[in-house]
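Keeping the supplied structure of chain A fixed, place chains B and C upon it in accordance with the hints.
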Amino acid sequence: MTFLKLLLRSKISAIGFWIIVSLVIIAVFAPLITPYPEQAKGAPNLEERLLPPSASHPFGTDHLGRDVLSRVIYGTRTSMIMGFSVVLLAVLIGLPLGLIAGYFGGKVDLVIMRITDIFLAFPPLLLALLIASTIGRGMINAILALAISWWPWYTRLVRGMAISVKERPYVEAAKSMGIGSIKIILRHILPNSVSPLIVQATMDIGSAILEAAALSFLGLGVQPPTPDWGLMISEGKDYFLNYPWYPVFPGLAILITVIAFNMLGDALRESLDPRLRRRLL
Amino acid sequence: MLVVEGLKKYFFIRKGIFKKKTLVLKAVDDVSFRVERGETFGLVGESGSGKTTAGRTILRLYEPTAGKVLFKGVDIFKLSKEEFRKIRPKMGIIYQDPYSSLNPRMTVFDIIAEPLREYGCQKLEERIIKLLKDVGLGEEHARRYPDELSGGQCQRVAIARALALDPELIVLDEPTSALDVSVQAQVLNLLEELQKERGISYLFISHDLGVIRYLSRRVGVMYLGKLMEEGDVESVLGDPLHPYTRILIESIPIPDPGTRGKKGAVVAGEIPSPLNPPPGCRFHPRCSYAKEICAKEEPPWVEVSPGRFVRCHLYT
Amino acid sequence: MSGILLSIKDLYLNFRTFWGVSKVLNGVDFDIREGEVFGLVGETGCGKSVTAMSILRLLPSSADISGEVIFKGENLLLKSDEEMRKIRGKKISMVFQDPMTSLNPLFRIGEQMVDVITTHLSIEREEALGKARELLRSVKLPDPDRVLSSYPHELSGGMRQRIMIAMALSSNPSLLIADEPTTALDVTVQKSVLELMLELKEKYGFSILIITHDLGVVAQICDRVGVMYAGNIVEIAPVNLLFEKPLHPYTKGLLSVIPDPRTKRRLKPLRGSVPSLLNPPPGCRFHPRCDYVKAACSREKPSLLEIESGHFVACHLYGGNENACG
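Residue numbers (the numbering used here), protein chains in the order written: chain A, 236 to 516; chain B, 661 to 976; chain C, 35 to 360.
In isolation and in its complexed conformation, chain A is listed as follows:
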């Protein structure tokens, strides 16, 4: 509870927090709150093409007559899934590598860091293109592409923390008790290295959503008719001049989401501040 209290201490973090909570709720309950579920999933409604926002279509309709609001709501699902998956996968790869490199040092560190450097050099777009051309397009492949280009950052982050944590007396105390390396890493190094990672990962969910949207925009990620914000912007860009609501609303959705995650990340950083000397997470 102290954690939440700290988190909500500033208005900014509170706003970010609640926006994300809302987004998650929207994503989870999408089928229930969407006014036009079928259109959301892709069913065209050619009589009502490109209608401006109205009572029955608060965000207007797209070039296939589908309700934009519904598609944006369903798009929340796609975005959330992609954002979380990318970060989760990147953490699953990057965290252990960082811990091992940081704790063992020496040759192990050298090898892992060189591999990390190699992957760092890959721009995500290129990687996505590569993967798209070899194993095809789609959401999962986009997630893979992004995760592969993302994990090196986490390895670096965790490695830095691990290096400083391993010097601390309580780690030496554990060694003096004869405790093995794996247990030391899991029990002592990991819990004390993980705070900056949590902050970074949270903010990255927003960035991941952005990059996923970029990939869909370029046609390398989610494919039509799946509702996705990036895809909607891509489809809508040709209609921007005369029918601006079409690409603008999904764009706004991305904007709000990314800002919210950044706010949450900032708030997390403050509440995890070790100077507060309180165990918060």
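No lab work stands behind these hints: they were computed from the structure. Since the structure is predicted, the reported quantities are computational estimates derived from the model, not experimental observations. Be careful, since some hints might not be right.
Said to hold, decoys possible - List time: in silico SDA-like cross-link candidates among lysine to any residue, alpha-carbon distance up to 20 Å:
#: 1; chain 1: B; residue 1: Lys746; chain 2: A; residue 2: Ile414
#: 2; chain 1: B; residue 1: Lys793; chain 2: C; residue 2: Pro280
#: 3; chain 1: C; residue 1: Lys279; chain 2: B; residue 2: Ile914
#: 4; chain 1: C; residue 1: Lys298; chain 2: B; residue 2: Glu699
#: 5; chain 1: A; residue 1: Lys418; chain 2: B; residue 2: Arg777
#: 6; chain 1: C; residue 1: Lys302; chain 2: B; residue 2: Arg777
#: 7; chain 1: A; residue 1: Lys418; chain 2: B; residue 2: Phe744
Showing chains B and C alone in chain A's frame:
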């Protein structure tokens, strides 16, 4: 209990752009002493003396460059990892900073349980509660985290952890330096009690002569990696032989204004870097009794009277 | 008797923290006379460092302060930032515990000293360098030119602390505040730095407020001592009196727990521990730990009374209201 013979620990530091130059840091350079069963041996020194490194090396936290450490007659450096593991529980360590010696993410219970679990002990809860009581804490402390405790309480937890496996030797590295004076007294009394009850030997490392006096029976004075003097604590502190020991004692501000104005010797200069110790006797540049020979030859370790050793040309 | 240089009256200080209001100073009163060494002694959290920071108004914005800090007839708490800047480093200087963090590792000593000197005295750089050299000599640093061209990390702790003292004295302050100046130094170096401070005081005539937890240091260089506990001054006395006839139970307790290297005597620690300042005990803040506690102690905060010449205590055992037990 513990016999240290000719212990050396050198650190090799590579410097220079292409890492060609190798500097040798002779942190511990030929140190020998004994710690008897149930007794406290004080290791005194200032910064750069090597006392902390010596303590760590004795516990095999560092691999020595040379020398032997016999624990109950067995050279621990010759043991394999598995064999040493059997001996490990008999040796404990307590650090200077109570907060950083405890994992901030673990509860007191888990911290003390760690060594117990590692060596497959049963009835954890019982044992931990008893340990907490032994160090003057209560059951309610078990569920707390280190940052919820005071410095003195944290140090007690560290002591409880060190006691968990019934050690026969504990190395204490400045255990009270980070504590307030009144808390220090509490912890020192606790340590004394525990030693009386359990017959544990202590290797007490400190720069504070008052604290050393309180617990130690024998004391060794280190300077730049070498032992300069050794003997029972009353003699060494009451009637120091080595000039460095004399300076050390005279430099301590005595809490008695009546002793003011007695200038005593003020030692010149500062402690040189251990990377570049002076030749011959390491203390000679600052010694008011320095003779010609002191700059050339290192004095040998001489037993001036039974149990009383000095390394100084004044006594050779 | 020499004049009073600094007079602190009724100093109350609260910090607004996340967990509530921390009542750090609870009515601090003491004076520092011209040319004397006054020691402020106490354990962690007693408020001694904070008191020093209050004199120089170096407090964070979460601090609420009230009372008077009268320096040369003027209340420093009423001064503006601009006015305080003219006083800090010039009329009142401070030396801190860790010389490594007080000196900027990226600049040579010469640069840093010239910086400080030219801030307070409007002289040319060349002249400032000359003054810096002179100052280094006065703090007994051999080879001042080499020191001036060195970086902090190339010098030892003792040397750095001497440089800090030199910088603090560069503008001839009337008061030098030293916050645990030798705690981070080796014992052998400590003695020479303390002696240096005394010598300079004799030569230039400034007063020293030394803050420390080490009663040994106090005994060796202070003229008068103030003992602090949990935000209060509990006893003030000339140094001899304090050690021979400590009046306050806390002072007695402190003196009985210092391990003396000359003898081994039984240490009798005080029971309990330092209270939280978020929720300090009512009345006398020491009463929960006091062996002589009476009913009045938990109700009324004792005021600092002069029991004998120059010897003040804040304790209900003395002062005539209650039965004195001495």
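So, going through the hints one by one against the coordinates:
About 12 Å separates the Cα atoms of lysine 746 (chain B) and isoleucine 414 (chain A), which keeps this hinted pair within 20 Å; it holds. For the hint pairing lysine 793 (chain B) with proline 280 (chain C), the CA-to-CA distance comes to about 34 Å; that exceeds 20 Å, so the pair is violated. For the hint linking lysine 279 (chain C) to isoleucine 914 (chain B), the alpha-carbon distance of about 17 Å falls within 20 Å, and the restraint holds. Annotation: proposed proximity of lysine 298 (chain C) to glutamate 699 (chain B) holds, straight-line Cα distance about 16 Å (limit 20 Å).
A threshold of 20 Å between alpha carbons decides the hint, and for lysine 418 (chain A) with arginine 777 (chain B) the separation of about 12 Å falls inside it, so the pair holds. With a CA separation close to 36 Å, the supplied pair lysine 302 (chain C) and arginine 777 (chain B) exceeds the 20 Å bound. Distance restraint check for lysine 418 (chain A) and phenylalanine 744 (chain B): the Cα-Cα separation of roughly 18 Å lies within the 20 Å cut-off, and the hinted pair is therefore satisfied.
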